[in-house]
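Undergrad: What follows is each chain in one-letter form.
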Amino acid sequence: MELAAILALDVLNGVASLILLCLGLAIIFGMMRIINLAHGEFLMLGAYATVVSTNAGLNIWLAMLVVAPLFVGLVGLVVERCLIRFLYGRLVDTMLATWGLSLAIVGLVTTLYGNTIQGVPTPLGGFSIGEYKSSLYTPFLALMALALLAAVWALLSFTRFGLVARATMQNPNMAAALGVDPKRVYMATFALGAAVTGLAGGLMAPVAGVVPTMGAAYVAKAFITVVGGGAAILSGTAASAALFGFINQTASFLTTPVFGEVALFVTAIVLIRLLPQGISGRFFRGSL
Amino acid sequence: MATSTRRAISLAAQLAALAAAVAGVLYAPAVVDLFDLMQYTFFAAMCILALSLGFIWGFGGILSFGQTAFFGLGAYAYAVAAINFGDSTPALALAVVVPGLFAAALGYFVFYGRISDVYLGVITLTVTLILFNLVNSTAGDEYRIGAAALGGFNGMPSVPTLNMPFDPETILEPEGAWLATAGALILVYVLLRLILASRFGRVAVAIRENETRAALLGYDPRLYKLLVFVIGGGVAGLGGALYANWGAFVSPTIFALSLSAEIIIWVTIGGLGTLIGPVVGCLIIEMLVARIGAQQAVNANLVLGVILVGFVLLLPKGLVPAVRDVALRGLKAVARRPRLPVGVEAVPAEKPSVAE
Numbered sequence: 001m002e003l004a005a006i007l008a009l010d011v012l013n014g015v016a017s018l019i020l021l022c023l024g025l026a027i028i029f030g031m032m033r034i035i036n037l038a039h040g041e042f043l044m045l046g047a048y049a050t051v052v053s054t055n056a057g058l059n060i061w062l063a064m065l066v067v068a069p070l071f072v073g074l075v076g077l078v079v080e081r082c083l084i085r086f087l088y089g090r091l092v093d094t095m096l097a098t099w100g101l102s103l104a105i106v107g108l109v110t111t112l113y114g115n116t117i118q119g120v121p122t123p124l125g126g127f128s129i130g131e132y133k134s135s136l137y138t139p140f141l142a143l144m145a146l147a148l149l150a151a152v153w154a155l156l157s158f159t160r161f162g163l164v165a166r167a168t169m170q171n172p173n174m175a176a177a178l179g180v181d182p183k184r185v186y187m188a189t190f191a192l193g194a195a196v197t198g199l200a201g202g203l204m205a206p207v208a209g210v211v212p213t214m215g216a217a218y219v220a221k222a223f224i225t226v227v228g229g230g231a232a233i234l235s236g237t238a239a240s241a242a243l244f245g246f247i248n249q250t251a252s253f254l255t256t257p258v259f260g261e262v263a264l265f266v267t268a269i270v271l272i273r274l275l276p277q278g279i280s281g282r283f284f285r286g287s288l
Numbered sequence: 289m290a291t292s293t294r295r296a297i298s299l300a301a302q303l304a305a306l307a308a309a310v311a312g313v314l315y316a317p318a319v320v321d322l323f324d325l326m327q328y329t330f331f332a333a334m335c336i337l338a339l340s341l342g343f344i345w346g347f348g349g350i351l352s353f354g355q356t357a358f359f360g361l362g363a364y365a366y367a368v369a370a371i372n373f374g375d376s377t378p379a380l381a382l383a384v385v386v387p388g389l390f391a392a393a394l395g396y397f398v399f400y401g402r403i404s405d406v407y408l409g410v411i412t413l414t415v416t417l418i419l420f421n422l423v424n425s426t427a428g429d430e431y432r433i434g435a436a437a438l439g440g441f442n443g444m445p446s447v448p449t450l451n452m453p454f455d456p457e458t459i460l461e462p463e464g465a466w467l468a469t470a471g472a473l474i475l476v477y478v479l480l481r482l483i484l485a486s487r488f489g490r491v492a493v494a495i496r497e498n499e500t501r502a503a504l505l506g507y508d509p510r511l512y513k514l515l516v517f518v519i520g521g522g523v524a525g526l527g528g529a530l531y532a533n534w535g536a537f538v539s540p541t542i543f544a545l546s547l548s549a550e551i552i553i554w555v556t557i558g559g560l561g562t563l564i565g566p567v568v569g570c571l572i573i574e575m576l577v578a579r580i581g582a583q584q585a586v587n588a589n590l591v592l593g594v595i596l597v598g599f600v601l602l603l604p605k606g607l608v609p610a611v612r613d614v615a616l617r618g619l620k621a622v623a624r625r626p627r628l629p630v631g632v633e634a635v636p637a638e639k640p641s642v643a644e
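Protein chains in written order, with this note's numbering: chain A, 1 to 288; chain B, 289 to 644.
Simulated from the structure, these hints should not be mistaken for laboratory data.
Be aware that a few hints might be false.
[Unchecked claim] Cβ-to-Cβ under 7 Å is the rule here; a few derived chain B residues that face chain A:
#1 403
#2 410
#3 413
#4 418
#5 556
#6 572
#7 589
#8 593
#9 597
[Unchecked claim] Computed beta-carbon distance windows for the label pairs:
#10 372(B) - 131(A): 32 to 40 Å
#11 58(A) - 576(B): 44 to 52 Å
#12 585(B) - 62(A): 30 to 38 Å
#13 155(A) - 572(B): 45 to 53 Å
The structure displayed is predicted, hence computed values, not measured ones.
Even for Gly, the Cβ is constructed at its ideal location relative to N, Cα and C.
With the hints as extra help, turn the sequences into a complete structure.
TA: This is the structure we're talking about:
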């Protein structure tokens, strides 16, 4: 029974981390069809922003929830202005350019902070279930994932910005005819996606090894989850994150973490083969 | 100039370039010292890998982010087979066949599932990561194929190097390994050229240009893409075997993302849609990386990243097509210049776009 509770907690942790990891990507890829291969590096920058500002004496919550998203959102803004905006409509070139960007960011951070693991202590302490102990940070991550999902959903559904952004993604020319500047909407959407990614990076910082190359471990997982989710960026991504997270954690529990990862990837490939439009192409059609 | 004359000149030029390349390969051991020769052997193996992606991406329109999967499989197949057989001849053959079969299985799944281009990139990337994770975790003594322990993250040391075909007693010296590797590079290049000149190659290029039109003309794009992918996989596997032979060592890092990124950079800066471009790009980048590795000031990733971004923004065609365009424009300008009496200034050449 207690073991089952721990396993459930593990699954919750896996699902929550996946949602956090790919929400920013879902916004950028799902709304703009931009394949941002520097996504992992945005996460890494968020984690570094948290670690560096915490070590400089800032409160860890402030560093995680404010500094990380602001900093990475700003980076996203600069990247969109200097790089992405020249490449709209050139899918492969965006992939290549963002891959170049990811290499450059890894190189830059390695030059600045070196190749060693940086860390911050995990806040919140722990609790115990019977004879097993777990960290309170896990349920906190799950709550944050849920809150972030709800916040993005509310932003896209109920605000003027959300309405304009969705309209622009559907038909940029029509939106422009109605007085919206699509360029500014693209810019804002990209920055929003980057900020969400930065926040995720900040939240992962206490539980992940923060190294310049940490992004590579996440980018494929995030992509396969978003692609598996399909066109509905929120419900689809949440559904595929739940499926993949569950399979990953269960397989890890039964065998080893390595086979957990392999199980996740194999499931994802089979899923894309069976449902080329993603989960939401079949099930949550038309939802956000 | 008539088409036939032009074709004859082009063929003669290509044969001359081929002869020069063969002569260079044969002559190199006499003038280059051993350290550099080893370095060149490494470059030649990498150039084969570059050709494999240049072929499938440039002519098949298949952007694979996981060409290292086939490269790594080739290296491991060679290592395992060479240790088990004690002869590198069947090992080399297996290093082409195993990745080729793997490419066939993966390609069947991807192309016959009509998975779109973007997802293809994601899937190839994922497969490479799976292989990396799997091979990385085979460190225990129970993971062995025949006499060969896979070694996990430690890699497989002392992989037998190439011997004369079917004669395991005669191991090739570094000079012989150079001749074999560079010879393989030239052979692969010529083979791919011939494939492209054949009917099959023309259909593959037609499918790259317009898949729907080719399908309506009665060609099955799935089959052609699959075959192009398989050829690319086999070529990459051969590169991997020669790489394993160069260092007598394989480790899971050859499945790593950084190498996948490098191949794409080679092809992008060298020139997509050419065969010589990826080779040129590979040589430039690998020499640059070797230089950067020798000093401590700038990080190699930073330089590579900036180069890639710069090329995508400023010279998306790559070096070889850009140089070729400039050269062709110059030639045309010379050819079109009217023969004027001595002492009369020639009119400046018009813009080619107007003339064509």
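Undergrad: Evaluate each hint against the coordinates.
TA: Hints, verified against the model:
no., hint, verdict
1, 403, "holds, 6 Å"
2, 410, "holds, 5 Å"
3, 413, "holds, 5 Å"
4, 418, "holds, 5 Å"
5, 556, "holds, 6 Å"
6, 572, "violated, 15 Å"
7, 589, "holds, 3 Å"
8, 593, "holds, 3 Å"
9, 597, "holds, 4 Å"
10, 372(B) - 131(A): 32 to 40 Å, "violated, 48 Å"
11, 58(A) - 576(B): 44 to 52 Å, "violated, 40 Å"
12, 585(B) - 62(A): 30 to 38 Å, "holds, 36 Å"
13, 155(A) - 572(B): 45 to 53 Å, "holds, 46 Å"
Checked against the numbered hints given earlier, this structure breaks hints 6, 10, 11; the rest are met.
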